[in-house]
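Asker: Each chain is listed here by its residues.
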Amino acid sequence: MMLIQCPWCGKRDENEFVCGGTTHIARPPSAVTDAVWGAYLFFRENPKGVHLERWRHTWGCGQWFNAARHTVTHEILAVYRMSDPVPDLSAGGAAS
Amino acid sequence: MTRQRFSALSLFLRGLSRHRSWQIQWRKPTPKPAYDAVIVGGGGHGLGAAYYLAAEHGMTNIAVLEKSWIGGGNTGRNTTIIRSNYLFDESAALYDHSVKLWEDLAQVLNYNVMFSPRGVMMLAHTVHDMQSAQRHIHANRCNGVDNEWLTPEQAKEFCPALNIGSNIRYPVLGAALQRRGGTARHDAVAWGYARAADALGVDIIENCEVTGMIRDPSGAIAGLETSRGEIRTRKVGVSAAGNTSVVMRLAGVDLPLESYPLQALVSEPIKPVFPCVVMSNTVHAYISQSDKGELVIGAGTDAYTSYTQRGALHINNHTLDAICELFPMFRRMRMLRNWGGIVDVTPDRSPIIAKTPVPGLYVNCGWGTGGFKATPGSAHVFAWTIARDEPHPINAAFNIERFREGRLIGEAAAAAVAH
Ligand SMILES: [Zn+2]
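Residue numbers (my numbering), protein chains in the order written: chain A, 1 to 96; chain C, 1 to 419.
Looking at chain A on its own, in the form it has when it is part of the complex (with noise of 0.2 Å):
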């Protein structure tokens, strides 16, 4: 079970979350190809290492955001808001 840290309410249990998947995909404009689309909508870096990913504080506030978490260690690296850019992660952490 993790901690996980909501931009708006602090530390909360992970059972008052989901998981939104992968963030900071950008829908791409509707006249590309399939190769794209079907990239867009399905293909995903899968990582073994700093994951970028939005979260719903579903069970408190309701709010999004999004997180950097680890996908071997679970270490949440750093806590932003969906419209913030991806923050500087080289400082610290055990990002691979």
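One thing to keep in mind: the hints can contain errors.
[What the hints assert, rightly or not] Simulated crosslink set (DSS-like; lysine-lysine; CA at most 25 Å straight-line):
hint, chain 1, residue 1, chain 2, residue 2
1, C, K292, C, K271
2, C, K67, C, K32
3, C, K355, A, K48
4, C, K67, A, K48
5, C, K292, C, K156
6, C, K355, C, K67
No wet-lab data here; the hints were simulated from the structure.
Here the structure of chain A is known, so what remains is to put chain C with the ligand in place on it, guided by the hints.
Answerer: Same frame as chain A, now just chain C with the ligand:
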């Protein structure tokens, strides 16, 4: 080396010499500099593919590379359920191909894989469940796959431990039963394929992790870099389950996969009380009893991607709540141990068994939460695909292009694990 045959007589005779005359079951070879083909991943699917490459396609100068020990991944970390009651024609053909291979696998491999077609019963708790189950039953019967509808009373007759009372949160409204489904001994599948492949000359190399893929100037596969040195080969078949994305990225191939932990747990061993396999998608529980006497219980996946071979405790808790309600007799059972396996899940919950954009590189992945049942069939058609450089008719639809062309094979309902 002449292989010993396993039989009741050989067991008896070697028992007289206190079982000290058994051979090792497979060699521990050092990697050769080159092979005709290399399988990456020593689980059931990979070892099986190596066996069929050698046995059916005459390719005996081949190797299986396993980063850890064989059968130590999802092959040894599942709930051993076998069934083929999937909805679509393509899936029914693939999974039923596998069930048919299970039926005489022990004889073919001369290894007791303990296949036990004791029946798999999938419960319906809502009107939607009933409609979905009956749709699956009709679709299955059109495809020659046995599946039948049971009333709650018939379900209880088939599985006396089942609580069909109206006093539970989601009462049992009926069930779909596939009698040809059942279980097998998971480790024996890996060991049986390993022993049979080794006997045909296949090198099974454990503790050998692939760290890079070597390409020739045309871009085709020319070999592998591994933790035990470079290995040249023109054909590589990747069968690496939850680590497939990582391995395939070494060749620059992206796949529509996400890796999640899927958990299971077993109880203390008890006398035989549970004659079949019961699954419930809606309350999320599945359960059978091993020949050793343990209840084998399957839980769900965590809600986020992970490469750790463990999951969160509340996932197991949720499943045990459901088990206790459906089978009140198990309420005071103690659980002995739990574990997680990393499963690679595709968007349509169907596997990929296919050629890739890289010539000489093949992939068998995306089995998600239900790969064990498919082990023989998957291995069989993957070997065909590697040997002939073209898919077998059974796996032709399970390609990567379907995620660009929109030809998905949506089996989320049949996959039975809530994602
Ligand atoms: Zn919050």
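Asker: Please go over all the hints and tell whether each is borne out by the structure.
Answerer: Tested hints:
no.: 1; hint: C/K292 / C/K271; in the structure: 9 Å, holds
no.: 2; hint: C/K67 / C/K32; in the structure: 17 Å, holds
no.: 3; hint: C/K355 / A/K48; in the structure: 24 Å, holds
no.: 4; hint: C/K67 / A/K48; in the structure: 15 Å, holds
no.: 5; hint: C/K292 / C/K156; in the structure: 24 Å, holds
no.: 6; hint: C/K355 / C/K67; in the structure: 23 Å, holds
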